[in-house]
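One line per chain: the protein sequences are A and B, in this order.
To convert, count from 1 in the first sequence and add 3; that's the working numbering.
To convert, count from 1 in the second sequence and add 376; that's the working numbering.
Take these hints with a grain of salt, some might be off.
To be verified - Derived EDC-like pairs: lysine to aspartate or glutamate, alpha-carbon spacing no greater than 16 Å straight-line:
| hint | chain 1 | residue 1 | chain 2 | residue 2 |
| --- | --- | --- | --- | --- |
| 1 | A | Lys150 | B | Glu648 |
| 2 | A | Lys388 | A | Asp267 |
| 3 | A | Lys98 | B | Glu648 |
| 4 | A | Lys98 | B | Glu596 |
| 5 | B | Lys456 | A | Asp394 |
| 6 | B | Lys395 | A | Glu198 |
It should be emphasised that the hints constitute simulated quantities derived from the structure, not laboratory data.
The residues making up each chain are set out below.
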Amino acid sequence: MARKISRRAFVKGAAASAGLFTIVPPHVLGGPRHVPPSETLGGALIGCGGRGPNTYKEMCKDHKVELLAECDVKFGDKADNKRFYTDFRRVLERKDIDLIAIGTPPHWHALISIAAAEAGKDVLCEKPMTRFIAEGRAVVEAFRRYKRIFQIGTFGRFGSSKDKKSLETHKIMRSGLLAPNPGVFIKKGGLKVKEWSGRVNAAPQTPPAALDWNMYIGPSPMKPYVRPRHGGTHRGYWDYEGGGLADMAQHTLDPYQWTYGKDDTSPVEIEAMAAPAHPECVGMWGWVEMKYADGFTLVLESGEWGPMYDRKASKGVSLADLDEGQRKKLDAMPDPEPLLTFAEAVKLRRPAGGNPEAAHRCATLLHLANIAIRTGRKIRYDPVKEEILGDELANRLVNPPMRAPWHL
Amino acid sequence: MRQDEKLAEILAPIPPLDKDGTLTGPAWEDAIKVFDAVLEGGKDRVAALAGMVQEPDDGRDYKARYALHGLAQYLGRPGKEAPRAVYCEALAGQLGGEIAKGAKGFLARQLQVIGGRECAAALGKLLGDAELHEYAAQALLAIRAGAAEEFRRALPGLKGAARLTAVQALGVLRDAESVEALRQAAGEEDADLRVVAAWALANIGDAASVDAVLRAGDAEPGWARIKATSACLLLGERLAAAGKKPEAARVYRHLKETRKDDSEGYVRALAEEALAALGG
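For reference, chain A alone in the conformation it holds in the complex (with noise of 0.2 Å):
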């Protein structure tokens, strides 16, 4: 017979492992329609400018949170170390809290993400998902570690998903009925890459007083306050984000590396069209193509600098690409399990539609693009090993150092 836990206790995981999930009737564990009136999840917003409070209500979409914490570094002026704060560490010490939103700039998404899961907490987590590679790999065995629940703060791949000619091209793709697969995504514009260059003559300032400037900087290296470099503007610099190709291209890409069956692996061949970047500040790029292993090609096109993208056509992937035995052994196979939003995840202690392997991968994309805008040469990865092969220096990039104490 089932043992009665509180949904709040499951949650917290000790059923979880104890491999209640399978005996235990939906009722009890707070389902989606059976949710008990007394069982309120504890929140947290880590990180409340900007995209902030968003990122927080979709965290508490279709379930009940209560607001216990709101942490910030420009919290200074107001931090009680009771419901504001400073230094996310005191809010995941806190035993009531369940859910955390991270809403902070990307440099800060991975280690907190990461520190969260160590907790025992459930992470919804605004985009881009980090600031390099290595950071995504971190999370992703995080949470299988701690068997917690994480959802990147972007949500198309819903959307795509129920789609029916999205449908259609997934299955087709994951089929690995078409070899070489002859599709070919473009992506013009809308990646905001003037909007979002770094300021490369700001000089440096006094900090506000109520900003803990060395807490900001994190796991970054250490530079004197310089306004741009906080406040959103901090997409501009290498520091923290990456760009606008950083700040929308997991936004943008997401529900297409869903379609395209991409969620767990990545291009094996990149090249960029891009001036030399800038040591700190990011700067202009035209165009980057990505090559799968299976002959997929992802092109991202800025139409803001240089030469516009020639060397392929879009190239859709349909029914057309398969003869009748192919579209007979498609029919046969099955669809994909329906992607579990972020409070069914947590109900049902399952991966959510966002899941970090997931999104991970499509973070992968943009963080490699950024790579070979930035060295300036075409770049070949091994998705499985998450190496840049034959080029040690354009590795360093894979995973860069942080500052004391913070590591992956």
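Dock chain B against the given chain A, drawing on the hints supplied.
Leaving out everything else, chain B in the frame of chain A:
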């Protein structure tokens, strides 16, 4: 023509900043002409270019910084080994000179991009510098070759943030020769240092450090306990992967027996699962 005048002439084709202070750089083929012209002047010209970097970084010297970084990326191309060595020697030489600390930090960051073993000693000398130790450590960690020796050599003389940085670096490098020094650090007063040292020992997977890591894991509830518990789990995984099952089981048994509070039930459950996987 004087070196500074020559460099001004060479850097002239780099475009001016845009009105908003951003830089719309040149195409690579145009930039390469600038880089090759710098390299034609050999080590002295590269050193003179490095000497143009000023403090603070407010854009006055953007052409010099842009050219130095562009050179670092350019010299990463195959076939550029000889000029790469010249570039690295010139920058490493400046690290011991009289230029501003901010400029040295910038040069260390370029060596993080392109430097090799030949730069390790010059960077190692900065590991005790209050302003520069982080840049030096990050460059050494990127270079890897020769890095562990530098951290090992410097560690006994380091205090505060510099000591923390070196301890963490030795953990990142998984330097088995440092376990004794790391065990000492795991027992020191600084809470950050204790936690980082425990993680470093766990990451190295040192079987003789089980007691030190478990002691750190038994910290009072709070951040240190969360992170040190994570180090215990990492050590358990490393030991199990190395076939040291009794030592790994000891780690998990300890976690199972000490994580009694409901709020740590997930850790207890993970430990029980790991013990089962080890066969007891």
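So, going through the hints one by one against the coordinates:
no., hint, in the structure
1, A:Lys150 - B:Glu648, "holds (14 Å)"
2, A:Lys388 - A:Asp267, "holds (13 Å)"
3, A:Lys98 - B:Glu648, "violated (22 Å)"
4, A:Lys98 - B:Glu596, "holds (14 Å)"
5, B:Lys456 - A:Asp394, "holds (13 Å)"
6, B:Lys395 - A:Glu198, "holds (13 Å)"
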